[in-house]
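**Student:** Chain by chain, the residues:
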Amino acid sequence: MQTVDRKLIDAAIRDQFPILATKVHGKPLTYLDNAATSQKPRFVIDALDRYWTGQNSNVHRGVHYLSQLATLEFDNARESVRRLLGAAEADEVVFTKGCTEGINLVASGLVHGSGDLRLGAGDAILVSTQEHHSNIVPWQLAAERTGARVIPIPITDDGEIQLDAYLDLLKTARPKLVAVKHVCNALGTINPIKWMIEQAHAYGALVLIDGAQAGPHLRINVQDLDADFYTLSCHKIYAPTGVGVLYGKRPLLESLPPYQGGGDMIRTVSFEGTTYAGIPAKFEAGTPNIAGAIGLGKSVEWLEQLGGGSLDSAFSAIEAHEAALRSEAEAILAAIPGVRIVGTARDKAGIVSFTMESAHPHDIGTILDSEGIAIRAGHHCCMPLMTRFGIPATARASFALYNTMEEVERLESAVRKVQEMFA
Amino acid sequence: MNDDLRELYQEVILDHNKRPRNRGRIEVPTAEADGHNPLCGDQVHVTLHTKDGLIDAIAFEGQGCAISTASASLMTEAVKGKTVEEAEAIFREFQSMVTSPDDAGEHVDLGSLVALAGVREFPVRIKCATLPWHTLHAALAGERKVSTE
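If you read the sequences in order, they're chains A and B.
Note that this note's numbering gives residue 257 to position 257 of the first sequence, counting from 1, and the numbers run on in steps of one.
Note that this note's numbering gives residue 2 to position 2 of the second sequence, counting from 1, and the numbers run on in steps of one.
No wet-lab data here; the hints were simulated from the structure.
Heads up, the beta-carbon is just placed ideally off N, CA and C, and yes, glycines get one too.
Not one of these hints is a red herring.
Calculated pairs, DSBU-like style, for lysine-lysine (alpha carbon to alpha carbon, straight line, at most 30 Å):
| hint | chain 1 | residue 1 | chain 2 | residue 2 |
| --- | --- | --- | --- | --- |
| 1 | A | Lys-417 | B | Lys-127 |
| 2 | A | Lys-417 | B | Lys-18 |
| 3 | A | Lys-27 | B | Lys-127 |
| 4 | B | Lys-127 | A | Lys-23 |
Some chain B residues flagged as far from chain A (calculated, every beta-carbon gap over 10 Å):
| hint | residue |
| --- | --- |
| 5 | Thr-30 |
| 6 | Thr-50 |
| 7 | Leu-54 |
| 8 | Gly-81 |
| 9 | Glu-85 |
| 10 | Glu-86 |
| 11 | Glu-93 |
| 12 | Val-108 |
| 13 | Ala-117 |
| 14 | His-137 |
| 15 | Lys-145 |
Pair ranges (Cβ atoms, derived):
| hint | chain 1 | residue 1 | chain 2 | residue 2 | range |
| --- | --- | --- | --- | --- | --- |
| 16 | B | Asp-3 | A | Ala-21 | 18 to 26 Å |
| 17 | A | Gly-26 | B | Ser-112 | 29 to 37 Å |
| 18 | B | Pro-123 | A | His-201 | 47 to 55 Å |
| 19 | A | Gly-390 | B | Asp-15 | 25 to 33 Å |
| 20 | A | Arg-83 | B | Pro-123 | 39 to 47 Å |
Could you put the whole structure together from the sequences, leaning on the hints where they help?
**Tutor:** Structure representation (structure tokens):
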């Protein structure tokens, strides 16, 4: 089955991404910084061009032709995202300006909410040591404002969440909320979130999953996961920057207070009292990133086309392709003297973080760049995680569906050059 | 490997990265400061001792890339035995060399610090080279912390 699926992805897919033909310092671009952002297929770029040249208008407020057209495309995009997430209904899909805003929206809602959806003094919020700053700092801000506490769930030396410690914390701290990543951006660990959600629910905690790194790589089904909230970063899913998604279960979104006030999020406004629109409009004050949302919808359609009409097939092929690249990259990098792979979880997405004894990640990054290879060097917005491993930074290669084994070989030979230079 | 890269990672840089000079701490410093580049996580701590306006001892410690380590090491060699005013003049000349090479500057002799001139072709790496200098400058100005963002 897997071998059949993998045929959906071959080198010809690269022709659909115009930027991949770029030369960098006279060498072919080897783009291995996909965890930071993905490149965009012609299908999405053309859809954006069509929008700006033939459909541009504001949504939800005009009776004229263009406004109706833009509204239709915008609403179609929401339905496409519903399919991507496996959500029950499109109204549970809130467009935000990014994954970060989705998390902040929920955090702010829990500061100002009521009943079970209100943080109070002493309430616990569990986050993992793996988290990106965007899934730590919003909770710290919420804690500052409510007297709640943010408690980190420890991780193992392999970069896996310590599940026994997690269970203990659920029992002893009785958290109101658990906020964890689906996939770790710095290490690649795929967390056992379905099980973690089930356990959290057994102790009465809500769960927010930061899906920024899962969106482009894994088949997500929020209903099967039973996630209460799930956030996406859309520019990592072959769509434009400036748009993100917050999924929330209908009753939760209906109970959360509005995030920002403005146009589009109201039913009626008067100085005596204003009433709010239903979901998702309640959380989408102001003119949304219409083009961005439409671009996202098109990237979902493109993935469906890749899978012959099925996102299941598309993601099965993507997972197999990226897993092959990742395991090859890990094997050949680990064979280079002085290279240490950081993050050795059993279940990993297409991310390889590494350090070298002789060279700092920034030097690795600069030298790889001179070979046309784009990687990320730094703390990956995961300072507590770097502290956990006792390192300031890592070099990170991250794969997407258009990467090839030849690029993995280029990575190897460039890292060997670094090794020779700093030996 | 292209020429810019060879220019950046020349022998003297690689050597000072591998065997940093004046690494450590002055036991009884008259001035010290912490430098931090939050973007890349580089950290440097500079301690120094002055007597009658002369820097008679200086050391650095911390963690960073080859450029920041070599720059810190070369800096300690360049300012040791200099007056505070001379050290500040070298700092200004160095900064001008790595950021705006066309500026006239004060024409202070930079000696082996010119090995870092190649960094100007790598805009994202300039702060790696200047972090130790900003830290020294902060120490001399009586500030304990400096951050380059």
